[in-house]
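From just these sequences and the hints, can you work out the full model?
If you're matching them up, the sequences are chains E and L in order. The opening position of the first sequence corresponds to residue 1 in UniProt numbering, with each subsequent residue numbered one higher. The opening position of the second sequence corresponds to residue 1 in UniProt numbering, with each subsequent residue numbered one higher.
Keep in mind that a hint or two might mislead.
Quick list of in silico lysine-lysine cross-link-like pairs, PhoX-like style, CA-CA up to 25 Å [to be verified]:
no., chain 1, residue 1, chain 2, residue 2
1, E, K153, L, K85
2, L, K250, L, K284
3, E, K360, E, K284
4, L, K164, E, K85
5, L, K164, E, K164
6, E, K284, E, K294
7, E, K85, E, K250
8, L, K85, L, K250
9, E, K129, L, K85
10, L, K129, E, K85
Some chain L residues flagged as far from chain E (calculated, every beta-carbon gap over 10 Å) [claimed, not checked]:
no., residue
11, E31
12, G34
13, R47
14, T108
15, H127
16, D186
17, K257
18, L260
19, E274
20, G321
Worth flagging that the hints you see were computed from the coordinates, not collected in a lab. Note that CB positions come from ideal geometry on N, CA and C, so glycine has one too.
The primary structure of each chain is shown beneath.
Protein chains: 2
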Amino acid sequence: MREGAFGNARALTCRECGHEIPLGPHYACSECFGPLEIAYDFPAVTREQIEAGPRNIWRYKALLPVPDDIEQSPNMEPGFTRLLKAHNLGRTLGIDNLWVKDDSTNPTNSFKDRVVACALSAATEFHSKVFACPSTGNLANAVAAAGARAGIKTVVFIPSNLEKPKQVNSAVYTDSLVAVNGNYDDVNRLASEIAGEEDGWAFVNVNVRPYYAEGSKTLGYEIAEQLGWRLPDQIVIPVASGSQLTKVHKAFQELIKLGLVEEKPYKVYGAQAEGCSPVSVAYKAGVDAIRPVKPDTIAKSLAIGNPADGIYVLDICRETGGAVEDITDDQVREAIVLLARTEGIFTETAGGTTVGVLKKLVETGQLDPTLETVVINTGHGLKTLDAVSDQVGPAATIDPSYASFAATGIA
Amino acid sequence: MREGAFGNARALTCRECGHEIPLGPHYACSECFGPLEIAYDFPAVTREQIEAGPRNIWRYKALLPVPDDIEQSPNMEPGFTRLLKAHNLGRTLGIDNLWVKDDSTNPTNSFKDRVVACALSAATEFHSKVFACPSTGNLANAVAAAGARAGIKTVVFIPSNLEKPKQVNSAVYTDSLVAVNGNYDDVNRLASEIAGEEDGWAFVNVNVRPYYAEGSKTLGYEIAEQLGWRLPDQIVIPVASGSQLTKVHKAFQELIKLGLVEEKPYKVYGAQAEGCSPVSVAYKAGVDAIRPVKPDTIAKSLAIGNPADGIYVLDICRETGGAVEDITDDQVREAIVLLARTEGIFTETAGGTTVGVLKKLVETGQLDPTLETVVINTGHGLKTLDAVSDQVGPAATIDPSYASFAATGIA
Numbered sequence: 001m002r003e004g005a006f007g008n009a010r011a012l013t014c015r016e017c018g019h020e021i022p023l024g025p026h027y028a029c030s031e032c033f034g035p036l037e038i039a040y041d042f043p044a045v046t047r048e049q050i051e052a053g054p055r056n057i058w059r060y061k062a063l064l065p066v067p068d069d070i071e072q073s074p075n076m077e078p079g080f081t082r083l084l085k086a087h088n089l090g091r092t093l094g095i096d097n098l099w100v101k102d103d104s105t106n107p108t109n110s111f112k113d114r115v116v117a118c119a120l121s122a123a124t125e126f127h128s129k130v131f132a133c134p135s136t137g138n139l140a141n142a143v144a145a146a147g148a149r150a151g152i153k154t155v156v157f158i159p160s161n162l163e164k165p166k167q168v169n170s171a172v173y174t175d176s177l178v179a180v181n182g183n184y185d186d187v188n189r190l191a192s193e194i195a196g197e198e199d200g201w202a203f204v205n206v207n208v209r210p211y212y213a214e215g216s217k218t219l220g221y222e223i224a225e226q227l228g229w230r231l232p233d234q235i236v237i238p239v240a241s242g243s244q245l246t247k248v249h250k251a252f253q254e255l256i257k258l259g260l261v262e263e264k265p266y267k268v269y270g271a272q273a274e275g276c277s278p279v280s281v282a283y284k285a286g287v288d289a290i291r292p293v294k295p296d297t298i299a300k301s302l303a304i305g306n307p308a309d310g311i312y313v314l315d316i317c318r319e320t321g322g323a324v325e326d327i328t329d330d331q332v333r334e335a336i337v338l339l340a341r342t343e344g345i346f347t348e349t350a351g352g353t354t355v356g357v358l359k360k361l362v363e364t365g366q367l368d369p370t371l372e373t374v375v376i377n378t379g380h381g382l383k384t385l386d387a388v389s390d391q392v393g394p395a396a397t398i399d400p401s402y403a404s405f406a407a408t409g410i411a
Numbered sequence: 001m002r003e004g005a006f007g008n009a010r011a012l013t014c015r016e017c018g019h020e021i022p023l024g025p026h027y028a029c030s031e032c033f034g035p036l037e038i039a040y041d042f043p044a045v046t047r048e049q050i051e052a053g054p055r056n057i058w059r060y061k062a063l064l065p066v067p068d069d070i071e072q073s074p075n076m077e078p079g080f081t082r083l084l085k086a087h088n089l090g091r092t093l094g095i096d097n098l099w100v101k102d103d104s105t106n107p108t109n110s111f112k113d114r115v116v117a118c119a120l121s122a123a124t125e126f127h128s129k130v131f132a133c134p135s136t137g138n139l140a141n142a143v144a145a146a147g148a149r150a151g152i153k154t155v156v157f158i159p160s161n162l163e164k165p166k167q168v169n170s171a172v173y174t175d176s177l178v179a180v181n182g183n184y185d186d187v188n189r190l191a192s193e194i195a196g197e198e199d200g201w202a203f204v205n206v207n208v209r210p211y212y213a214e215g216s217k218t219l220g221y222e223i224a225e226q227l228g229w230r231l232p233d234q235i236v237i238p239v240a241s242g243s244q245l246t247k248v249h250k251a252f253q254e255l256i257k258l259g260l261v262e263e264k265p266y267k268v269y270g271a272q273a274e275g276c277s278p279v280s281v282a283y284k285a286g287v288d289a290i291r292p293v294k295p296d297t298i299a300k301s302l303a304i305g306n307p308a309d310g311i312y313v314l315d316i317c318r319e320t321g322g323a324v325e326d327i328t329d330d331q332v333r334e335a336i337v338l339l340a341r342t343e344g345i346f347t348e349t350a351g352g353t354t355v356g357v358l359k360k361l362v363e364t365g366q367l368d369p370t371l372e373t374v375v376i377n378t379g380h381g382l383k384t385l386d387a388v389s390d391q392v393g394p395a396a397t398i399d400p401s402y403a404s405f406a407a408t409g410i411a
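What follows is the structure, encoded as structure tokens:
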């Protein structure tokens with residue numbers, strides 16, 4: 001590892017017992033098996049330094065485990081996506097001041113480009129020879145694309161019964177897509193096995209996970225900067241493993257500590273689909289333990305039945321005065337169409353879940369509609385077209401004449 | 001029309017006879033039926049003014065027919081997409097200094113968001129009550145989404161035999177998708193008929209076309225700014241109607257006149273698919289007239305058999321020392337995979353055409369591989385997945401065990 005390979009990162013530290021080890025391709029504490037995360041020695045960082053940086057996540061490089069020359073390495077240049085004022089959606093839901101953070105316009109159309117960019121930097125610094133992941137969708141796209149651009153061999157593992165269009169959307173970037181006879185859990189287990197057997201493999205969400213996960217902090221940094229260096233009052237975030245929600249909270253806390261935003265209370269809300277809602281169920285039951293479930297929902301990118309960071313999500317949502325809520329698949333579909341028709345943003349099922357949960361939170365009085373609120377859209381609807389293909393379609397089919405059109409009454 | 005509704009635009013002027021008329025919802029010269037375009041009285045504009053603007057096309061508002069407060073109107077905030085240094089693609093093609101302007105990361109994943117944003121501004125200033133277009137794809141998405149966000153009624157006309165996924169990708173944004181029994185030409189004719197019969201309809205590519213077309217200039221402005229306020233030596237642009245190519249050239253000329261970049265020679269190249277190559281055929285034959293063709297190519301977003309701006313494309317490519325070239329559908333497919341596997345960019349068939357033509361131009365000695373070159377990617381591969389679904393797929397299908405994986409030889 002070269003000097004400064006991880007910027008201001010100091011060590012890996014255990015989230016459970018606090019044990020520290022040097023930076024390396026590790027993810028579990030050698031003392032207690034708790035999850036490792038990155039600890040930093042941050043220097044003074046100013047708004048002006050950040051604003052002078054590139055228009056992508058590397059403007060925050062001082063706050064990430066990446067080298068100072070990270071922009072020089074070929075990478076996807078993700079992030080700094082739009083924060084859109086959602087006048088129409090806000091009016092429809094009765095929220096005065098609503099924003100959508102739209103990560104569907106990232107290079108491979110989901111927030112995964114952020115985390116994969118940080119994982120790629122770590123893999124490069126560790127001289128990994130293969131960049132890999134198990135995935136059924138967004139992560140596979142992001143890994144295969146980023147690896148292609150960086151010129152590192154990628155191997156992407158998917159369940160063999162994955163729909164053909166989803167296979168194509170990853171296979172176009174890599175000649176080493178591997179179909180595995182089994183479900184996602186089988187694929188995931190195989191990935192851990194290979195990570196243990198092979199030297200020089202960086203599995204983004206396994207052995208370089210601590211670096212990877214830090215990428216989600218950039219969502220939080222961007223929201224604060226795009227609001228004019230302020231934190232929102234309330235934020236609604238989808239929950240799969242729970243990592244994104246915990247990292248956005250971490251980002252807000254870091255910005256406060258660094259003096260980049262003023263300290264203020266904010267409420268964090270988690271969104272799940274009813275068919276995979278272990279965190280929401282625990283939240284509502286008032287318990288601390290997450291009981292794993294077998295997922296059954298159209299929100300496949302949120303379908304993690306045993307979420308690694310679920311207990312931290314519970315802590316954060318409870319401490320900040322937020323909540324965790326879930327909605328049905330039909331409500332997910334409705335919310336996708338609602339967001340498209342009010343703001344012109346076509347979201348995938350994960351975003352439908354988040355917007356639908358926002359709606360339910362207002363209706364049930366759990367979210368204050370007079371406070372400034374941000375909702376995160378993590379991915380693009382083109383990836384989950386089937387979810388709404390029975391919901392929307394032509395209003396009329398006509399002959400190519402003005403008379404035929406006039407008869408529809410649409411004019 | 002309110003004061004300043006069109007910014008620094010002065011009048012509509014005929015591209016053929018120079019006749020000027022006041023700004024209004026007109027598109028054909030009343031004297032000679034030539035195409036109208038926007039004439040401006042530009043004030044002094046500085047790089048600093050532009051750089052202080054928003055990170056979207058409105059940073060160039062002083063050079064567009066839009067009001068000074070355009071950012072205040074709800075809009076899709078398109079543009080300022082990535083200009084990526086294409087190290088790997090350049091190496092593969094033998095080009096020393098190659099850039100990809102990647103418009104697939106626009107809000108609805110194509111360059112059409114730029115032109116539609118300008119059309120929407122005009123429609124708003126003309127107090128249009130309906131925002132409409134005939135389209136088979138990218139334009140339909142962009143119009144339906146932008147209209148939804150702006151809160152104006154949209155009506156989008158498509159051929160009734162359009163594939164279901166493409167219908168969904170527009171219908172999700174609008175409750176007034178109209179399927180027309182006929183081909184695209186029939187749909188287009190119907191649109192012109194409705195534009196003539198109904199008051200208050202803004203058909204983006206018909207009666208507000210002069211405003212709409214100006215949006216493509218922003219591609220040229222951005223490339224120059226992102227290169228550090230310089231023009232490239234060579235640029236390769238896809239040709240459908242030919243409007244985009246002529247507008248990028250216009251943008252470069254304006255930047256020179258305004259003193260925002262240094263004057264220098266640059267070569268403009270047009271890219272077509274062999275199955276719809278009327279401009280390329282005329283270029284190669286050394287003639288000035290375009291003979292219309294019946295399109296037959298997978299590059300559907302380029303399939304305009306009678307391109308309105310084809311003759312201007314010929315002029316520009318000849319005057320600048322560029323060329324117009326075409327490639328087969330198989331070469332389009334190969335180029336899509338090539339771009340994905342070298343740069344991690346998944347392009348639609350139009351981008352495949354452009355990259356494939358770039359390759360052919362180098363191979364045939366028509367483009368100088370030692371000069372700085374930009375190639376434009378206009379849209380996202382998720383919209384034309386079928387084009388490559390037979391080209392790419394899993395390298396192996398295995399059982400979920402390390403032994404099964406090791407046997408593939410991929411490690």
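These are the hints, each one checked on the structure:
For the suggested pair K153 (chain E) and K85 (chain L), the alpha carbons sit about 20 Å apart, so the restraint of at most 25 Å is met. Proposed proximity of K250 (chain L) and K284 (chain L) is supported: the alpha carbons are some 24 Å apart, at most 25 Å. With a CA separation close to 14 Å, the supplied pair K360 (chain E) and K284 (chain E) stays within the 25 Å bound. Taken as a hint, the K164 (chain L) and K85 (chain E) pair is broken in the structure, with Cα atoms around 31 Å apart against an allowance of 25 Å.
Restraint check: the Cα-Cα separation between K164 (chain L) and K164 (chain E) comes to about 16 Å, which is no more than 25 Å; the hinted pair holds. At roughly 19 Å between alpha-carbon atoms, K284 (chain E) and K294 (chain E) fall within 25 Å of each other, so this suggested pair holds. For the hint linking K85 (chain E) to K250 (chain E), the alpha-carbon distance of about 24 Å falls within 25 Å, and the restraint holds. For the hint linking K85 (chain L) to K250 (chain L), the alpha-carbon distance of about 24 Å falls within 25 Å, and the restraint holds.
Taking the CA atoms of K129 (chain E) and K85 (chain L), the gap is near 23 Å; set against the 25 Å cutoff, the hint holds. Note on K129 (chain L) and K85 (chain E): the hinted pairing holds, with a Cα-Cα distance of about 23 Å set against a maximum of 25 Å. Look at E31 (chain L): its CB is around 28 Å from the nearest CB on chain E, clear of 10 Å, so calling it non-interface holds up. For G34 (chain L), the shortest C-beta to C-beta distance to chain E comes to about 26 Å, beyond the 10 Å cut-off, and the non-interface label holds.
Residue placement check: R47 (chain L) keeps its beta carbon more than 10 Å from all beta carbons of chain E (closest about 16 Å). Distance check for T108 (chain L) against chain E: the nearest CB is about 8 Å away, which does not clear 10 Å, and the non-interface claim fails. The claim that H127 (chain L) lies off the interface holds: its Cβ sits roughly 17 Å from the closest Cβ of chain E, which is beyond the 10 Å cut-off. With 10 Å as the threshold on Cβ separation, the claim that D186 (chain L) sits away from chain E is violated: the shortest Cβ distance comes to roughly 4 Å.
Separation of K257 (chain L) from chain E is adequate, the least Cβ-Cβ distance of about 27 Å exceeding the 10 Å criterion. With a least CB separation of 20 Å from chain E, L260 (chain L) remains clear of the 10 Å interface cut-off, as annotated. No Cβ of chain E approaches the Cβ of E274 (chain L) within 10 Å, the least distance being about 22 Å, so the stated non-interface status holds. The claim that G321 (chain L) is not at the interface with chain E holds, since no C-beta of that chain comes within 10 Å of its own (minimum 31 Å).
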